[in-house]
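Number of protein chains: 2
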Amino acid sequence: MRTLKLALLGFGNAGRAFAKILENNKQEIIDKMGYEIIVTGITTGSRGGLYSPAGIDLKRAWTELEEQGRFNQAHKDYSDMTSMEIVEKGDYDVIVEMTPLDIFTGQPAADHLRKAMERGKHAVTANKGPIAWYYDELKKLSEEKHVQFYYETTVMDGTPIFNLKDETLKFCKVTEINGILNTTTNYVLEELAKGKNYDEVIAEGKRIGFVEADPSMDIEGWDAAAKITALLNVLMDAGITPKDVDRTGIQNITIAQIREAESQGKVIKLLCRGSLENGRVMASVKPELVEKGGLMSVIEGTSSVVQITTDLMGKLTIIEHDPDLIQTGYGIFSDVLRIVRNFV
Amino acid sequence: MRTLKLALLGFGNAGRAFAKILENNKQEIIDKMGYEIIVTGITTGSRGGLYSPAGIDLKRAWTELEEQGRFNQAHKDYSDMTSMEIVEKGDYDVIVEMTPLDIFTGQPAADHLRKAMERGKHAVTANKGPIAWYYDELKKLSEEKHVQFYYETTVMDGTPIFNLKDETLKFCKVTEINGILNTTTNYVLEELAKGKNYDEVIAEGKRIGFVEADPSMDIEGWDAAAKITALLNVLMDAGITPKDVDRTGIQNITIAQIREAESQGKVIKLLCRGSLENGRVMASVKPELVEKGGLMSVIEGTSSVVQITTDLMGKLTIIEHDPDLIQTGYGIFSDVLRIVRNFV
Chain C
3 MRTLKLALLG FGNAGRAFAK ILENNKQEII DKMGYEIIVT GITTGSRGGL YSPAGIDLKR
63 AWTELEEQGR FNQAHKDYSD MTSMEIVEKG DYDVIVEMTP LDIFTGQPAA DHLRKAMERG
123 KHAVTANKGP IAWYYDELKK LSEEKHVQFY YETTVMDGTP IFNLKDETLK FCKVTEINGI
183 LNTTTNYVLE ELAKGKNYDE VIAEGKRIGF VEADPSMDIE GWDAAAKITA LLNVLMDAGI
243 TPKDVDRTGI QNITIAQIRE AESQGKVIKL LCRGSLENGR VMASVKPELV EKGGLMSVIE
303 GTSSVVQITT DLMGKLTIIE HDPDLIQTGY GIFSDVLRIV RNFV
Chain S
3 MRTLKLALLG FGNAGRAFAK ILENNKQEII DKMGYEIIVT GITTGSRGGL YSPAGIDLKR
63 AWTELEEQGR FNQAHKDYSD MTSMEIVEKG DYDVIVEMTP LDIFTGQPAA DHLRKAMERG
123 KHAVTANKGP IAWYYDELKK LSEEKHVQFY YETTVMDGTP IFNLKDETLK FCKVTEINGI
183 LNTTTNYVLE ELAKGKNYDE VIAEGKRIGF VEADPSMDIE GWDAAAKITA LLNVLMDAGI
243 TPKDVDRTGI QNITIAQIRE AESQGKVIKL LCRGSLENGR VMASVKPELV EKGGLMSVIE
303 GTSSVVQITT DLMGKLTIIE HDPDLIQTGY GIFSDVLRIV RNFV
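Taken in sequence, the protein lines are chains C and S. The first sequence begins at 3 in the numbering used here and counts up by one. The second sequence begins at 3 in the numbering used here and counts up by one.
One or more of the hints may lead you astray.
Same chains, same names: a pair is fine if it fits in one copy or spans any two.
Unchecked claim - Here are the simulated DSSO-like pairs of lysine-lysine, each with C-alpha atoms no more than 30 Å apart in a straight line:
1) K28 - K123
2) K196 - K123
3) K172 - K317
4) K147 - K28
5) K28 - K175
6) K198 - K22
7) K175 - K22
8) K208 - K167
9) K208 - K34
10) K317 - K208
11) K167 - K78
No wet-lab data here; the hints were simulated from the structure. Model, not experiment: these values are computed from the prediction.
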């Protein structure tokens, strides 16, 4: 039996969901694949960290965070190492990047991945920033260093999009990608259509957890722009950043516009688009009118959709329905297992 | 450089589309993967065959069929070998099963695959019969013989469904599968809703190629039953055959029922369903009322949809839009390349 050592940067909801799935499947992975997967390091922003090359007791880790809000400093594997210190000096085989997103820079997540791969470590990221801002560089680095690099959860929580490139679409050319990728705006537009006012919708959305404390990244289309950029970089070799996306948010959408759309049998959705124009990939994020009863109009609430048009495989649509946090955890788990599967 | 030899059983539209894609990508496969893929045998029902262990001139093969309707007996690689003779005695590494479907038996396609795998050959099938009738046996045989066995085109022409099992869903449990899998009935129901009568719709459908010469397999739900059986066998280990599906076709749907549905804001679709009930997988194919404006109602014409519900990955939907024959050809090509990729 061989051992695969993970270092987890970030240990929020998705990180803990991942840890639980990993723990639950530990024996099955040993039995089926001959690998024991252990976690040697965990870092958080303000809740302390853990580090032990022999392996951390994962169950104790998530229990401490959930019951006491932080790691217990009395344990001998308690650690004050920063994420970058773990990346640069830690003992691990795979870095799992789950730190908070900075949508305008992709940092420090991108640096974590870069430094880890430079050390010859495999990398998994649940953080879309690096894929939106530094995909080409990171991909090239992973090839030079012969390490594996996966990021399936960054746009649709693990619903298979990116791995289509290696599998189904390998000899296809993707010519167009459309989608509804930001669920906050989807929710806000639906609530506005019910006649509520904007402040009321935002306040209620925050209460039920559909809207972030600072909703501007979603409302102004930055989150959607980062996601369509990631998709276009990976599936169409676009080589763009979120700055290159022609972006309009929903902050100026009025109830009158929504009513006018309704009177034409249409609804307003924040659509993401990317297509080849004169050999270049052009990307946009904009509120658009879509036909009521058409496919885009049925994507409601926290669901999202990606539509991929190809030369040889026609057009295919993938919808993720109302994901929960377990799903992102499972997506990260799938990426880690893909690394193991490529060994055996 | 190594050589991979294919034998093609059947050389209809999908087979020729496959041959063209293979030929177009021949050099790229050599460059990227180090394998030259050649075709050593082709059989057809009534248009003759070709056999040459050194490799057939594929371009000549499809040109002869398309221009003269059959292979030219004057060529020295012309062959009268039957499909089973090629399977049992031919020189090949991968059998590509594309013979006509017998929906009530899965034969002789299943026997072709079985005999080929017993000889230690890899297998790709575009024929859904074997997956609906003999999946468990064939899968087990492929494992015993350490050969690869792919069938991605059998339900959705290569749109990725089955390969999710190996990738994304590996540690997930699928609890439910729903879909609209038969496009002929989808088309017929839509045309009936326009007020046309049944005979008129069937006649017009035959003219434009949406309805088969004998439409009963589609109309009575057998095709849909075979497809949901294939999905359930692979993704839920159902171990069933099309006979086990609770099946009702659309032959008794009246215009009055369609109008009544419309008055309730609904449409009638031939829905395929499978779910776990008391530990057993129960399957049905039935005309059902679906909400207008809901996801199932937007699947129109020759598009189809599969919805997969899982324990850890939530629910995901995959839609194939208006496929053409190239797509099936590309799907078969993808399956063949998957075999190569697993070598390198």
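Report the numbers of all earlier hints that the structure fails to satisfy, in ascending order. The structure breaks hints 2, 6, 8, 9, 11; every other hint is satisfied.
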